[in-house]
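Student: Protein sequences, first through last, are from chains V and S.
The letter at position 373 of the first sequence is residue 372 when you use numbering that gives the first Met the number 0, and the numbering goes up by one with no holes.
The letter at position 422 of the second sequence is residue 421 when you use numbering that gives the first Met the number 0, and the numbering goes up by one with no holes.
What the hints contain is simulated information worked out from the structure, not anything from laboratory work.
Treat the numbers as computed from the prediction; the structure is a model and nothing was measured.
Careful, some of the hints might be misleading.
[What the hints assert, rightly or not] Using 27 Å as the maximum straight-line C-alpha spacing, the simulated DSS-like pairs for lysine-lysine come out as follows:
(1) V:295 x S:259
(2) V:295 x S:32
(3) S:179 x S:167
(4) S:259 x V:480
(5) S:179 x S:322
[What the hints assert, rightly or not] Derived coverage of chain V by chain S (criterion: at least 3 residues anywhere in the stretch with Cβ under 8 Å from a Cβ of chain S; other residues may be distant):
(6) 307 to 314
(7) 468 to 474
[To be verified] Cβ-to-Cβ under 10 Å is the rule here; a few derived chain S residues that face chain V:
(8) 140
(9) 242
(10) 244
(11) 245
(12) 364
(13) 365
(14) 403
Using N, Cα and C, we set each Cβ at its ideal position, and we do this for glycine too.
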Amino acid sequence: MSPFWLILLVAALALVGAVLGRRKAMASAGGDARVLHSLPNYYGANVALFVAAPALLVLAAWMVIQPLALDGRVSAMIPETAYEDAGALNLLMADVRRIAEGLDLAVEQGALTAAEARAAQAEDLRARLAEIGVAVGAEIDPSTLVAAQGLRMLDARADLVRTVVILALAAAGFAFTYARTNASYRARNSVEFAILLLLIGASTIAILTTLGIVLSMLFETLNFFRQYPASEFFFSLTWDPSFSGRGGASTLGILPLLWGTLYISIIALIVSVPIGLFSAIYLSEYAGKRFRGFAKPLLEVLAGIPTIVYGLFALITVGPLLRDAIASPLGLGNSASSVMTAGLVMGIMLIPFVSSLSDDIINAVPQAMRDGSYGLGATQSETIRQVILPAALPGIVGAILLAASRAIGETMIVVLGAGAAAKIDVNPFEAMTTVTVKIVSQLTGDTDFSSPETLVAFALGLTLFVMTLGLNVLALYIVRKYREQYE
Amino acid sequence: MTDATAETPRRGSGTGSLMVPDARTAKRNAREKRFRLYGLVAVCTGILMLALLLTSILSAGLSAFRQTTIQVEVPLVAERLDPEGNRDPAQMAKVTTFGYAPLLRDALIGTIESAGIETELDPRAIADMVSDESVAQLRAFVLANPGVLGQTIPVEVLASGRIDGFFKGRVTYQTAELDKNISPEQLQLAEALQEAGLLATGFNWRFITAPDASTTRPEAAGLGVAILGSFYMMLVVLALALPIGVAASIYLEEFAPQNKFTDLIEVNISNLAAVPSIVFGILGLAIFINFAGLPQSAPIVGGLVLTLMTLPTIIIATRASLKSVPPSIRSAALGLGASRMQTVFHHVLPLAMPGILTGTIIGLAQALGETAPLLLIGMVAFVREYPGAPWEGGLFDPATALPVQVYNFTQRSDPAFVERASGAIIVLLIFLLIMNLAAIFLRRKFERRW
Chain V
0 MSPFWLILLV
10 AALALVGAVL
20 GRRKAMASAG
30 GDARVLHSLP
40 NYYGANVALF
50 VAAPALLVLA
60 AWMVIQPLAL
70 DGRVSAMIPE
80 TAYEDAGALN
90 LLMADVRRIA
100 EGLDLAVEQG
110 ALTAAEARAA
120 QAEDLRARLA
130 EIGVAVGAEI
140 DPSTLVAAQG
150 LRMLDARADL
160 VRTVVILALA
170 AAGFAFTYAR
180 TNASYRARNS
190 VEFAILLLLI
200 GASTIAILTT
210 LGIVLSMLFE
220 TLNFFRQYPA
230 SEFFFSLTWD
240 PSFSGRGGAS
250 TLGILPLLWG
260 TLYISIIALI
270 VSVPIGLFSA
280 IYLSEYAGKR
290 FRGFAKPLLE
300 VLAGIPTIVY
310 GLFALITVGP
320 LLRDAIASPL
330 GLGNSASSVM
340 TAGLVMGIML
350 IPFVSSLSDD
360 IINAVPQAMR
370 DGSYGLGATQ
380 SETIRQVILP
390 AALPGIVGAI
400 LLAASRAIGE
410 TMIVVLGAGA
420 AAKIDVNPFE
430 AMTTVTVKIV
440 SQLTGDTDFS
450 SPETLVAFAL
460 GLTLFVMTLG
470 LNVLALYIVR
480 KYREQYE
Chain S
0 MTDATAETPR
10 RGSGTGSLMV
20 PDARTAKRNA
30 REKRFRLYGL
40 VAVCTGILML
50 ALLLTSILSA
60 GLSAFRQTTI
70 QVEVPLVAER
80 LDPEGNRDPA
90 QMAKVTTFGY
100 APLLRDALIG
110 TIESAGIETE
120 LDPRAIADMV
130 SDESVAQLRA
140 FVLANPGVLG
150 QTIPVEVLAS
160 GRIDGFFKGR
170 VTYQTAELDK
180 NISPEQLQLA
190 EALQEAGLLA
200 TGFNWRFITA
210 PDASTTRPEA
220 AGLGVAILGS
230 FYMMLVVLAL
240 ALPIGVAASI
250 YLEEFAPQNK
260 FTDLIEVNIS
270 NLAAVPSIVF
280 GILGLAIFIN
290 FAGLPQSAPI
300 VGGLVLTLMT
310 LPTIIIATRA
320 SLKSVPPSIR
330 SAALGLGASR
340 MQTVFHHVLP
350 LAMPGILTGT
360 IIGLAQALGE
370 TAPLLLIGMV
380 AFVREYPGAP
390 WEGGLFDPAT
400 ALPVQVYNFT
410 QRSDPAFVER
420 ASGAIIVLLI
430 FLLIMNLAAI
440 FLRRKFERRW
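Just chain V, same shape as in the assembly (with noise of 0.2 Å):
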């Protein structure tokens, strides 16, 4: 029975479980739903949530191990002989899944008999699947084909042991539940207790995704200094994949694109930070309350803005224009996309960033302060520069490394303002790349996951996730403790 069916009847169990259940809750009553511990159609649900949850969860996990546990029993059977190494042995395999699967196939569409399925010959094979649409890239080896007989036939037990064991399951759990429920049975506690484990569960998520990315670039990660030296991957200046393929002569030196990203970066900070600040202290202190209703959000709706859009302005209208009116003029390069190209565009992206961020914080400081130096004599802005600034410089700073980390992460705008090309240098009008360029060019396009040139990539996203989790960690504790301070 496919896994769909099977879903379908557990649900139809459960709601039957539900209507009896409910039914035997009130009769045990003598249909006065007072008498009852919970209300009525918690009994029903109850019961309904011991048919389908455990029934459901063992599915889910069949469904999981089943091809795994299938997949090194029928492996075993392919003789030895028939493959070179592990990736050879996982392309037979491939073949053998898509040879049962285009036979099952066939015996659904009836363009052959089960019968003949099982007696299929490897020669004809071929094309008597193309005919349906089951694409197998080589000719059919005898050996493959008995795999995948036998990989059909431990699916085809495997599957009738799950749909016993399933609806065993099942009405396993009726009977226990419905055996249970009586009037003074604790339906409401039962199923509240079911909900909240859900709601756990789906609190967890956030964990399981944060491992999740640990997890997947590690591994990824050691696969790649296992064929390629770490030593060389921190410290080489030069950045230069062979496109030969594999084995080639590729040096991957990450400080190019960290020299790249910082420099973006800085020249990012330099035009957000100072914009920034001022805009969040001439709002928050100055502003009369329209001009403020009107800029502020203005200014959020470049935050709202997705970087493709800053990509694009960047590469159609930033870049030709600083190629036109200062690079080349000045003779220091003629690249419409530069260093300067993007980290200009990434400082206007930032800006709302820092502004509102810093807005809050200087919000936070107590008034009293701002009272006490006006009472001493100062003017606003002295108030502003001696006290209220220094006051909220940790929150300010925790802003800046938040910004920081935005910068060095970001990815559109370097993609389509920045260049491709890995070099250190200083001039800003140079094209230059960043980790995240790189991330992008290695894994778009053909991939070839045992090449160090492709898992280069995971490296590259490790080493940024660490930087970027670091600031954030700082600047997150940085903020916590500020607000601690006023609280």
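Dock chain S against chain V, hints included.
Tutor: Just chain S now, kept in the frame of chain V:
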């Protein structure tokens, strides 16, 4: 009283009047003004940048919504398009676009002659004035309606990218001299056609509905597949991120005890909110595609990745919204005998709903504009087929997404694609604007302050 205060010497010019500020005060006041001006300049710079950004995109992209077309009377010669003569579409499909091209070319020349326009261009140059895509369109139309064979039908064909650019000001007689894809004579002919009323520039519906076209046919490139792909991804994000986010927030805000585990979750959520988006792309590639074996370029994978990215936003908004429901509501419900679960689901959650929806819409808007992670999971692929309906497994069909389509357009050399990319951005921004306005409307309409 001490004498010390009385004898403190006055600084500055003691003789001055109170009405006349002394030099130091003037200096301080000037500094005050300057400081204030810096602030104003900063705010104005920010707003100016926004204006510059929007005008740059609008001026480059608005023309993508207009398209030049040519009216041609095409005689569909039955003998050439249906050699077997049985009107069977399967047989007719054997005539490729090479069979249709001369037909369209002759029709165009005929149209020009019947309009009384004289030209010295050779037939090939005339045929080059219409998009290659038009031939394919004509063929598709004939195959779908075999009944029109033998008739002469009016067809609106796309002008080539250069001709289109000429009427939008991108191509001029000067640039045409240097361009091997277009000649000034062709431009003259196009102008003559316009005067004859056969060539017109109108609203470009195809840009919104048609699929992408190859790198040599910018005039035919559209956003249909990208919009559909983005829409599917938003469906996935909404279906997953909203329930999971709300469930997680309810647990953290209403039930979670103060312990290490809760702290761990909280730290994770705030960190995930700040992880660079491209890292989520790597996660999607490694887990959903390489490990779980989901297909590349599929909206389901994009949706899953964007769900993980959107979750922190939704959780943060939902928690703020739950927190703003006053405790008295909870106390009242508990006092009447409701369980904690009933209190939350029957009373607190409905009251927090407007805030949750607002947060969700803003999260969706963020997800809609996200590009970097989608590049890594293969959504940059060139896709011309519309994905199927969701219930037919369309979520697993290859598709692209709006922001990725923009990136795709920028990677092509023909300058006409800059216009297409900017036009796609305008479509994207319009969607974002609508979503944000909806969020603002919801907030204004339903927000309650206790």
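Student: Confirm or reject each hint.
Tutor: So, going through the hints one by one against the coordinates:
1. V:295 x S:259: It is violated: about 38 Å lies between the C-alpha atoms, which goes past 27 Å.
2. V:295 x S:32: Between residue 295 of chain V and residue 32 of chain S the Cα gap is close to 22 Å, so the pair holds against 27 Å.
3. S:179 x S:167: This hinted pair holds, its Cα atoms lying about 19 Å apart.
4. S:259 x V:480: holds, 19 Å
5. S:179 x S:322: Violated, at about 66 Å.
6. 307 to 314: holds (count 7)
7. 468 to 474: Holds, because 3 residues of the region 468 to 474 of chain V bring their Cβ atoms closer than 8 Å to Cβ atoms of chain S.
8. 140: violated, 28 Å
9. 242: holds, 8 Å
10. 244: holds, 8 Å
11. 245: holds, 8 Å
12. 364: Holds - the Cβ of residue 364 of chain S comes within 10 Å of chain V, reaching about 7 Å at its closest.
13. 365: holds, 8 Å
14. 403: holds, 8 Å
In this structure, the hints that do not hold are numbers 1, 5 and 8, in rising order.
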